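Peer 1: Here's the letter readout for the chains.
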Amino acid sequence: MSERNDDRRKFLAAAAAGAGFVALAPGIRLVEIAAAKPDNEAVTARVRWGMLIDTTRCQTGCTECVSACNKENHLGEVKKPRTDAQWIRKIDLKELKTGRALSLPMMCQHCANPPCVDVCPTGASFKRADGIVLVDRHICIGCRYCMMACPYKARSFVHEPHTDQNPEVPRGQGCVEGCTLCVHRVDRGGTPACVEACAAAGHNAMLFGDLNDPESAIAKRVREVKTTQVRADLKLDLGVRYEGI
Amino acid sequence: MASASYVETQSRPAAFWGLLAAGGLFLLAAFAAFLHFEHSGHVVTGMDNQIVWGMPHVFAVFLIVAASGVLNVASIGSVFGKPIYKARAPLSGLLALAMMAGGLAVLAADLGRPDRLIVAMTHFNFKSIFALNMMFYSGFFAIVAAYLVTMMDRSLNGYSKIVGFLAFFWRLALTTATGSIFGFLIARTAYGSALMAPMFIIYSFAYGLAAFLIVQGSMYAWNGLTLDARILARMKNLLAVFVGAALYFTAVMHLTSLYFAKQTDYERFLLLDGGIYTTAFWLGQVVVGGILPLALIFAPGATQTRVIAASVLVVLGGLAQMFVTIVGGQAFPLEIFPGYAVSSTFQDGIVNSYSPVLGEFALGFGGIALAFLITVVAVRVLRFLPQDDFAALKAED
Ligand code: SF4
Ligand code: SF4
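Just so you know, the sequences run in chain order A and D.
All letters in the first sequence, in the order written, are residues 1 to 245 by our numbering.
All letters in the second sequence, in the order written, are residues 1 to 397 by our numbering.
Worth flagging that the hints you see were computed from the coordinates, not collected in a lab.
Some clues are possibly wrong.
As the list claims (entries may be wrong) - Chain A side only, calculated, beta carbon under 10 Å to chain D, not exhaustive:
1. Ala42
2. Ala45
3. Lys97
4. Gly123
5. Lys153
None of these values were measured; they are calculated from a predicted model.
Glycine included, C-beta positions come from ideal geometry on N, C-alpha and C.
Build the full structure now, drawing on both the sequences and the hints.
Peer 2: Shown next as structure tokens:
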């Protein structure tokens with residue numbers, strides 16, 4: 001995009017590498033910059049970003065979305081499954097009654113009533129007006145209460161020091177993190193990396209868009225077919241919906 | 001034993017320094033573990049993305065719960081006006097502060113970013129029960145400290161009753177809030193019971209009194225004194241009541257959980273086939289923490305030593321209970337897709353294993369060591385040894 005943006009990214013890289021956890025200036029924090037929209041456009045509640053996952057298209061054994069996420073957010077390959085960050089994972093399911101098998105990606109469901117935000121003592125877990133739930137990694141104290149509270153195990157704790165950051169996606173040892181819905185891409189008008197990868201692989205199992213815009217593909221689809229919110233009994237009003245379960 | 005004048009404590013300097021050194025050693029070990037964890041990250045602990053709260057939380061929550069419970073001794077004295085408990089109110093207040101400090105230190109040391117403690121104190125999410133707890137804890141310090149001052153400074157004695165009342169209600173609220181930390185985790189089957197918070201109060205009574213009896217017994221032994229048999233009898237009976245109530249409530253909670261279909265899988269796990277958690281429940285919480293102490297207390301001819309032994313068992317049982325509640329609750333797989341068998345790279349659908357490393361225990365024992373050191377020093381410089389008024393005691397009989 002603009003030169004200004006490039007400059008900003010360079011500055012961010014330097015700041016992330018050098019200052020690490022120091023707030024840049026009073027009131028300005030890296031995560032806010034990463035989440036800021038270009039063109040001085042504010043995040044608005046008119047938009048509700050969401051995702052619809054068609055489990056009938058999702059292939060068992062395919063992990064394109066997972067790899068894309070790891071690459072985009074510099075999470076690295078999962079070598080230690082117990083402690084490595086996994087923002088998105090594939091779950092293989094088998095219905096106990098019928099034996100029907102299916103596979104789906106699971107990540108932060110971007111709840112409208114997020115338990116992680118409710119319990120977070122510092123307010124580091126927060127929900128943007130457009131429904132994206134994030135962790136401000138400059139306020140997170142690493143208490144992990146949000147991990148206890150999330151019904152979907154959507155969050156990971158950064159267990160080790162790490163190098164190689166994507167300057168647009170600040171991460172830090174001792175903090176909790178999770179799927180950001182690739183907020184840095186979305187704010188530029190893009191789609192999350194997983195969605196793009198799924199389409200590139202020809203599966204088209206993930207649909208991303210604005211649930212509030214009646215004309216969007218996702219809103220239309222949600223109107224037409226039966227979609228499911230996982231653990232709907234908890235009434236969290238999820239941003240991520242599933243088809244075929 | 002003297003009645004009117006203060007019973008003086010014995011100095012025994014060598015032994016005193018020995019105690020300090022022993023406590024200091026544990027504290028040092030905890031500090032080493034803390035530095036190691038913070039430097040290398042939690043990857044060097046047994047905790048992971050599934051068992052996010054491990055041994056440090058077991059010790060920390062135990063200490064916090066026991067801290068609020070130990071204040072019960074003071075409450076019975078001031079709020080309900082029982083002289084033998086009144087004489088023990090200062091020691092009870094001291095122990096409450098010491099254990100609270102120990103528990104909070106462990107909690108803080110186990111944070112991913114302990115360097116941001118100041119952030120935790122300046123950024124409050126008022127909806128969070130956890131933040132609410134932090135406020136309760138700070139208030140606890142202030143109120144109990146004020147309570148101690150009103151009790152120990154004769155000119156302020158008049159206020160001690162009112163501050164005592166405040167402390168009493170504050171600690172009930174605090175323990176409820178601590179219990180609610182778990183109650184708010186809607187997604188976890190293990191914590192679904194509404195009985196969680198009241199149960200923590202009952203537990204706190206038992207653990208707190210047990211801790212008190214251990215310290216009181218040690219102080220008397222140190223000074224070559226024997227606790228009056230009537231006082232011993234009353235206090236041990238009270239411990240029995242609390243331990244019995246804890247057992248009863250535990251039974252009620254599991255029975256009601258069995259009644260709700262959603263909970264039966266977890267109950268089955270806990271009571272029958274949960275491996276270490278089942279063992280910790282039956283052997284630790286029920287037998288060591290409940291039945292054995294009751295047997296020791298009720299067997300004829302209870303001695304001071306036997307009451308201390310029973311109290312130690314109650315404490316061990318309490319740690320087992322925290323392990324079952326905190327770690328066991330996380331080990332049981334989170335049910336994301338009811339009616340499906342699931343598998344993934346993120347340990348979905350399996351019972352999570354947890355092997356704590358030595359450093360996690362060091363951190364936990366460090367909390368106990370901190371409480372111990374605060375107590376030892378305070379007891380040495382101020383008068384905390386219970387001063388019984390035997391004339392009044394006799395009049396009461
Ligand atoms: S899925 Fe979990 S992490 Fe995401 S918003 Fe909901 S509770 Fe928070
Ligand atoms: S780990 Fe961080 S984001 Fe999660 S509850 Fe604690 S402070 Fe909030």
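Peer 1: If a hint holds in the structure, say so; if it does not, say that too.
Peer 2: Hint check results:
Violation of the interface hint for A:Ala42 is found here, the shortest Cβ-Cβ separation to chain D being roughly 23 Å, above the 10 Å cut-off. At about 19 Å, the closest approach between the beta carbon of A:Ala45 and any beta carbon in chain D exceeds 10 Å, and the interface hint on this residue is violated. The closest approach between the C-beta of A:Lys97 and any C-beta of chain D is roughly 7 Å, which is under the 10 Å cut-off, so the hint is satisfied. Evaluation of the A:Gly123 hint against chain D yields a held restraint, the C-beta minimum of about 4 Å falling below 10 Å.
For the restraint placing A:Lys153 at the interface with chain D, the shortest Cβ-Cβ distance is roughly 6 Å, inside the 10 Å limit, so the hint holds.
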